[in-house]
Every structure is written in C-alpha cells, then in structure tokens.
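Residue numbers for the sequence shown follow the working numbering, beginning at 1 and rising by one.
Hints are computed from structural coordinates only; laboratory data are not their basis. It is possible that some hints are incorrect.
[Claimed, not checked] Distance condition first, Cα-Cα at most 25 angstroms in a straight line; then the derived SDA-like pairs of lysine to any residue:
| # | residue 1 | residue 2 |
| --- | --- | --- |
| 1 | 101 | 52 |
| 2 | 48 | 102 |
| 3 | 122 | 49 |
| 4 | 40 | 92 |
| 5 | 48 | 95 |
| 6 | 52 | 1 |
[Claimed, not checked] If you anchor each label on the Cβ, the simulated ranges turn out as follows:
| # | residue 1 | residue 2 | range |
| --- | --- | --- | --- |
| 7 | 52 | 27 | 16 to 24 angstroms |
| 8 | 19 | 82 | 22 to 30 angstroms |
| 9 | 117 | 40 | 14 to 22 angstroms |
| 10 | 96 | 54 | 26 to 34 angstroms |
We put the beta carbon where it would ideally sit given N, CA and C, even for glycine.
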Amino acid sequence: MIIYLHGFDSNSPGNHEKVLQLQFIDPDVRLISYSTRHPKHDMQHLLKEVDKMLQLNVDERPLICGVGLGGYWAERIGFLCDIRQVIFNPNLFPYENMEGKIDRPEEYADIATKCVTNFREKNRDRCLVICRVMMKRLTASGHLKSCIIITRLSGTKSRRTNSRISPRIYSALKRSKPSGKCPRRIR
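Starting from the given sequences, assemble the full structure and let the hints guide the process.
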C-alpha cells in the first residue's frame, strides 16, 4: 500500500497523474486530501486518516509518499506511524516560504519544534528524498544527513516525469533494512 499526500496545490491535475504512476509500483494507492491552510488541524487529520488506513491494511510494509508540502507531512506522519517515507521535491521549511499563502505559517515551526525533537536523526534510513536539483542548503546544514538522497533521476525529460519512482528503487526501499550508514546518494 502506498499512501499519497498531495502538495500545496491540491487541485492540480498532476495529482491524478501521480497516483496513476504510483499504481505501476503498487496497485493499492490511497490519496489523503487535507486543507493545506491550517497546519495543526492538517496534522491531526492526517494522523487519524493514516492510522485508519494502517488498521485496515494487509500490506506488511506500507509506504507514505508526498510531493512538496505533502513531503513535509509524509516525513513527519511516516515517522510517527513507523512507516517508510518517499518524498519528492519536499518543502521542508514551510514556515519560511509559505508566508502569505497559509493562515498561520508559524504553526509549522511550532510543529517542528514540539512534535519530536531531533526526529530526522531518529528517522535515519527510513526516508528517501528525491529532488530535481541538489539541495545544497539542506545537505550543508545537516537537515538531510539522515536521509537517502536521489539528486537526479536518469531518463527524465520533463518536469512531470521527475516524480516517477522506478520499480527498482521502490523494491530496494521495501527490502532495505536500516544500516546506520548515511547519507547514501544515488545518482
């Protein structure tokens, strides 16, 4: 089972396309929709919905996947629910770059500091980050040091196809056991 969390533009026709692409990997893809405007309510809603899906789940190794702002939530919800995460072009600092787009951007910073301290270190080897370009700021500051990072997907031609995850990468992620070695970079 793959749980998909959309980005800030939840009405984008690209969301349907991404769900169809993920169905090539696993036929059981579930989209959870959330408001994107009220962070604390979104987190409560996402935790309830993901927990509900996990209770009804028969897959022993589910995966949560998010794009943009959905990547921010997938990383946290995946950690709290103890499932592996794949995040595409994540918005890891929405409290810095979402001002004016959401009602209370400071709530993202509040969630980041009060939810679980140092969760990225504790989440080691359970999160795969796929970025269109190398995120120098994040890797230099250590924010992604405990994640598996893919900086560029070979064979991608357009912006839309960058969100594809190859079956080889997905199966490696499903099989892998935490090794304690990081970061691993796949190019």
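Satisfaction of hint between residue 52 and residue 101, Cα-Cα up to 25 angstroms: violated, 29 angstroms
Holds or violated: residue 52 and residue 1, Cα atoms, limit 25 angstroms. Distance ~13 angstroms between residue 52 and residue 1 Cα, so the pair holds.
Proposed proximity, residue 49 with residue 122 (alpha carbon, max 25 angstroms): Roughly 23 angstroms separates the two Cα atoms, so the pair holds.
Compare the distance between the alpha carbons of residue 48 and residue 95 with 25 angstroms, and conclude whether the hinted pair is satisfied. Holds - the C-alpha atoms of residue 95 and residue 48 are around 23 angstroms apart, at most 25 angstroms.
For the pair supplied as a hint, residue 40 and residue 92, confirm whether the alpha-carbon distance does not exceed 25 angstroms. Given pair residue 40, residue 92 holds - Cα atoms ~16 angstroms apart, limit 25 angstroms.
Cβ separation of residue 96 and residue 54, checked against the hinted range 26 to 34 angstroms: Given a distance of about 31 angstroms, which is inside 26 to 34 angstroms, the answer is holds.
With respect to the beta-carbon atoms only, verify the hint that residue 19 and residue 82 lie 22 to 30 angstroms apart. holds, 24 angstroms
Could you tell me whether the CB distance from residue 52 to residue 27 stays inside 16 to 24 angstroms? Given a distance of about 20 angstroms, which is inside 16 to 24 angstroms, the answer is holds.
Is it true that residue 117 and residue 40 lie within 14 to 22 angstroms of each other by Cβ? holds, 18 angstroms
Hint check: residue 48 vs residue 102, CA-CA at most 25 angstroms. Holds or violated? holds, 22 angstroms
In summary, the one numbered hint that this structure violates is 1.
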